[in-house]
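K.L.:
Please put together the full structure from these sequences, using the hints given.
These protein sequence lines map, in sequence, to chains A and B. Going by UniProt numbering, the first sequence opens with residue 1, and the numbers climb by one from there. Going by UniProt numbering, the second sequence opens with residue 1, and the numbers climb by one from there.
From the structure, some residues in chain B lie toward chain A, with a derived Cβ separation under 8 Å:
{"#": "1", "residue": "Lys54"}
{"#": "2", "residue": "Pro119"}
{"#": "3", "residue": "Ala153"}
{"#": "4", "residue": "Ala200"}
{"#": "5", "residue": "Ser204"}
{"#": "6", "residue": "Glu228"}
{"#": "7", "residue": "Asn350"}
{"#": "8", "residue": "Ala387"}
Each computed DSS-like pair below joins lysine-lysine, with the alpha-carbon atoms no more than 25 Å apart:
{"#": "9", "chain 1": "B", "residue 1": "Lys453", "chain 2": "A", "residue 2": "Lys277"}
{"#": "10", "chain 1": "A", "residue 1": "Lys268", "chain 2": "B", "residue 2": "Lys372"}
{"#": "11", "chain 1": "A", "residue 1": "Lys267", "chain 2": "B", "residue 2": "Lys372"}
{"#": "12", "chain 1": "B", "residue 1": "Lys373", "chain 2": "A", "residue 2": "Lys267"}
Please keep in mind that the hints were generated in silico from the structure rather than gathered at the bench. Glycine residues also receive a C-beta, built at the ideal position from the N, C-alpha and C atoms.
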Amino acid sequence: MLQCIFLLSDSGEVMLEKQLTGHRVDRSICAWFWDQSISQDDSFKSLPVIASPTHYIFQIVRDGITFLACSQVEMPPLMAIEFLCRVADVLSDYLGGLNEDLVKDNFIIVYELLDEMIDNGFPLTTEPSILREMIAPPNLVSKMLSVVTGNASNVSDTLPSGAGSCVPWRPTDPKYSSNEVYVDLVEEMDAIVNRDGELVKCEIYGEVQMNSQLSGFPDLTLSFANPSILEDMRFHPCVRFRPWESHQVLSFVPPDGEFNLMSYRVKKLKNTPVYVKPQITSDSGTCRISVLVGVRSDPGKTIESITLSFQLPHCVSSADLSSNHGTVTILSNKTCTWTIGRIPKDKTPSLSGTLALETGLERLHVFPTFKLGFKIMGIALSGLRIEKLDLQSIPPRLYKGFRAQTRAGEFDVRL
Amino acid sequence: MFNQFSSTAETLSKASAVMLRIGTDAHLYDDPEDVNIAPLLDSKFESEKCEALKRLLALIAQGFDVSNFFPQVVNNVASHSSEVKKLVYLYLLHYAEKRPNEALLSINYFQKDLGDPNPLVRAWALRTMAGIRLHVIAPLALAAVGKCARDPAVYVRKCAANALPKLHDLRLEEHASDIEELVGILLNDHSPGVVGAAAAAFTSICPNNFNLIRRNYKKLCQILPDVEEWGQILLIGTLLRYVVARHGLVRESLMLSIHGLDNNGFCEKDDLVRDLTLDKGDDGNSDSVDSDLVRVVSKCYIEGPDEYLSRSSFPDTVSSVFHSKETTSIAHNEDVKILLQCTSPLLWSNNSAVVLAAAGVQWIMAPLEDVKKIVKPLLFLLRSSTASKYVVLCNILVFAKAVPSLFAPHFENFFIYSSDAYQVKAHKLEMLSLIATTSSISSILREFEDYIKDPDRRFAADTVAAIGLCAKRLPTIPTTCLDGLLALVRQESFAGDLESMDGEAGVLVQAVMSMQTIIERDPLSHEKVIIQLFRSLDSIKVPSARATIIWMVGVYCSLGHIIPRMLATITKYLAWSFKSEASETKLQILNTTAKVLISAEVDDFQMLKRIVVYVLELGECDLSYDVRDRTRFLKKLLSCKLACHEPADDSVAQEKNSAHVVEHVFGRKLKPFSPSAMHDRFYLPGSLSQIVLHAAPGYEPLPKPCSFVFEEQDQLSALDSQRDAAADLDGSQESSETGDEDGSSDYDSESSIGSEFSSNGDERTISNDANDPAAPLIQISEISVSTDQEELRSKRALDLWLDEQPSTSSQTSSALNSNQSSYAKISIGDIGSRVKPKSYSLLEPGNGNGLKVDYGFLSEVATISPLHVCVEVLFENSSEEPIVEVNLEDEEAMKVSDSSEQTLVGKANASYNNVPTIIPMEEISCLEPRQSAKRLIQVRFHHHLLPMRLTLHYNGKKVPVKLRPDLGYLVKPFSMSIEEFLATESRLPGMFEYSRRCSFTDHVKDSRMENGKDKFLSICESITLKVLSNSNLHLVSVDLPVANTLEVATGLRLRFSSKILSSEIPLLITITVEGKCTEVLKLTVKINCEETVFGLNLLNRIANFLVEPSSSTTS
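P.N.:
Written as structure tokens, this is what we have:
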């Protein structure tokens, strides 16, 4: 089981240590870790399980903060990784983001949360809604109060009743004057376009995100019009497996507030909403590059915040790029970003320019991959449609809302 | 103006940052010591206390030691504010072990809080109390846990379950059964939350106590979907282990589908395999299920890869291990059915660890045709966080290695995104090359073409290697691959001109290597490709790529019709370019020219000979001495060839021999292509060990199939267990026999003395064990010990450091002596009498009115329980008065009867101790002046370092005394053969291995005294004597150095083995000697043991007693 958790800032400073068992882990292991990650290349940093001379280290990196957990014995590595992810989620939810200052400024809350989330190296309470009842998140009121009175406890005196119930994700009997429940389909499109311009792979990864503010103990049923298109799915613990198995209906008692009800994947899509046509010719030490971006099949809604970013190969010594729409930036690490925004009606956005190769190189033999970003509000590109959302007992003044959006996930266009 | 604006923006952002930080604890973290903390802690305002504690926590967070505030902080534990309480607890847990005495002060408050009506307060108190790792309060904490395990609040019960591993971690042997009982109670809880935590406790406390699971197996399965995700992960593993231990593997499952059951008439299994194959539309490709690999995988799961691989040289014994009785069928077994039913919906879990655990169960237990339902959920996990993506891929790789057809239709999932981390890319490539089929290979190769142009050249090189692998697996594609690779080589050789392109060289080398592996399979049909490669030699500049091609020149020099005709030109070119090559290439040129010469035809021979002579001359004056050495070697070797004028001229008789050698070295043809042997290690899916590819401490393979049989079962199972026992007995006999054999085979070699001893020892121990129950308790408490018994005892203590046995006939022993005269000199009486267990003083005569009490540890196994140690106590009356009523008693036991305020402790102790910690001795009614008496007591130490408090009664007085444990006697001899020893040692590397160096002087006196004796032997003897006089070990072997000088003892190695009394964990000791025989020796003592703390302590103990000069030998 886990013995210790360290939070490291992006400069390698140990911001926080929390010993979990009697077998203390010296913080020198963080120094070892940091030395290794500096001396070795990036591949060490992306290695989630590391066997150090004394301990096994699990690491995840979130927003520049490295979460390290140490263990000396066999344990499921995914459990450690998932737990660290959960800690990161909860912390960023509590602190409204994650960065070095936020962690340091709220270190007491971080300590209290960690103490509640893990006991003797085994996760104890990880359900955000219960945690929120036990340890109050910092908010403006409590901050002001602590400035004025000098004292504001954020530790609750009473045990949240959800902590022991058979629906541990739901606090008991929340009360709302107006009952609201929102369902969002948030989809990401993953696609690969190969160097011949062929769509090799195109699929949608989607999440059903809910925000439920319902009084009492509601029992919800959500059904889709076309559940057969779903290839893979994962459910929040609140979803009952039986009804899904028998007739593909989601039946559940929702947690309070925002949560992710399910994630799904729809495969083998035929079309992308946006096309990218890159071209490159190289001759005697210079390359001419031109990229066209346009709408391939109109989804019926505006495509927003289109961006195209790519990494210039090492052998490019300088680049001169310009576009007829949007802005192009080249960072010092040779990352180019072309921010297009919306596609104008009258012209096709194009990027063109020349790349100067290092002396001695005639032609370019390695080619960058373009990463496309876009966002479309109001439509789920997978075609998944929600049929209806039912409540077993309908409370007064019920409001139900549905939304959808699609954005680019891993969208690679290879040159 | 622009500047001005930016500065305003900066101040604005600063201001907003300050605003954000108001009301947070920022100032406390930034400057925790800007006020004096101590007075704040004693303040009467909660808010000030709170601030002080926050400052302390800030210091802890930054890595400072603030344990000096401990007493003050402990005082605040009584606070009513929940926040102060929480902060105090956080602080307490951080430092409790450092300040045990002060921590004890807080116990009363915890006791009080445990009775609080608020469940949160109870839970906190329990968590903190169990977290304070003090042996003293362990009984109290255990009582508290017992109470909380029946608490009405679920949260408290959950915390109770979490507290159990903390107590277990303290190694309270006497409470072990109580802790396990509590685990059972909590596993039986009706709340899923508690069951999850209890499953975690079960895994870390008693993972093999399947009786606890059996009682509520069905209920656990039903509750599984409702358990919290973290509990699910461990509960799934527990249930799987239980089912395997109870029912064995499933006959229809993948693990057994391939082997072992042919005699049972399970013909349909072949159909199943075929179905699976056809199902995948695999075009009749042979490798839908890699049966060899599946066998290895299933063996590894059951036995652990280290054990399996260590004996994998006997494949015949492997395949017959699974008996049909150790397997079960899903159709008839309810338990297996339920397990599969309740884990399959978990494949939809949101938590990737749960999905992987559930997939592991299906993989091992599910019928062959159901295994494929784990594929999609596993692939979906690849869309989760980057960290878990890597772990999942590692596991999928194993599945795919065994059954490539499972993942073959889903190859698109492994296409690589530019944002993947390098390791993920590498794993995906391996995956793609594993699962490529004839139908998918074209799309995969097109992807590979894209990857080769990736800016990350290391990845590109890996891709090229993957192409080679694909071509190796699929016989139809090599031509396409080779053409592509050849084009790549040509292109790269231009790009590779540049010095700056460090990555390019890698791609090029890999391309040439891949081509070589493809060509190797069928060189004849790829003749043209080989020729093209030779032609490209001029443009390729990277030394190792050149070296590979030049090597191919040598190997394929007589292939086909065209190559032999080109040879002259190529060798000329090589000779010409020799000077400018890197030394790696030079070596290869030398070899190749030699090979070419040997296979040369008549017409070219003279010219080739001239070239070779030229190259050899160049090589002799080379700067690198590797090249010079190689040249001289070849020159000598080729002398005969170079001397004769015709290639087939073997007429010179005396040189025939060397010609033969030359033929052998260079004329050898390549072996035909064969699949490489499998040396992969497989650990259970989802385990840490599978990721780091070594057995992590605490890793356990699946239990032996059907190893768990419970008493309530009918006679059949009783018979089964008898059969098992018989099998075990057979096994042990076998092992002792093999030990014997090994001993005799080592007999003639000079490097082993001990193995033969130990094999004798085995038999002896067996016979002793057999006699033990029948024989009465050995009466060593008699004052005058008969010489026989003395001898027996010393023999046992030595654990048979003997070469003579009283039981064997004198003939054999003499034969033995004559055979192995080098160590026959060590006579048993010699050592037996000289081994004197060390004695310690319990009571000095000065303190005890003339009563002197000494004690020493015996190596006998205690009769009462294996946890007890026999201690011989010697009472001596050195006064002039007789002393009456001498007795020793446990202090704790006294207190119970005496004091009433200690009832709680007493009760806890009394109820949880079914075996007393001390078996008292027989009272000595009267001890006359100058008389002495020996008594035997059996003691169980609570901790291996802490002394035991006893009360000594005499003359009606009570004197408290402390009985200190001797670490050397908290282990027991564990006989094993040298092979077993080495195998066990190899399983305990890294953090389980620790060594210390010390000096040793005892032998100096010895070797001076007995000049006639072999020095090595006397050294061995004195070390062994020293070790065995101070600890209870088994001598496994003695390795003598194979050295020409008799003066240097370096390399002498003694191995001892033992088991820790309390935990039965094996502990291995290796002592390596360095230095000269007559001088002070340097010893390196190395211990391999899982129990790190105990091992380290014992190591120190051994090192200490080895150093201290022995007094017994001089006397």
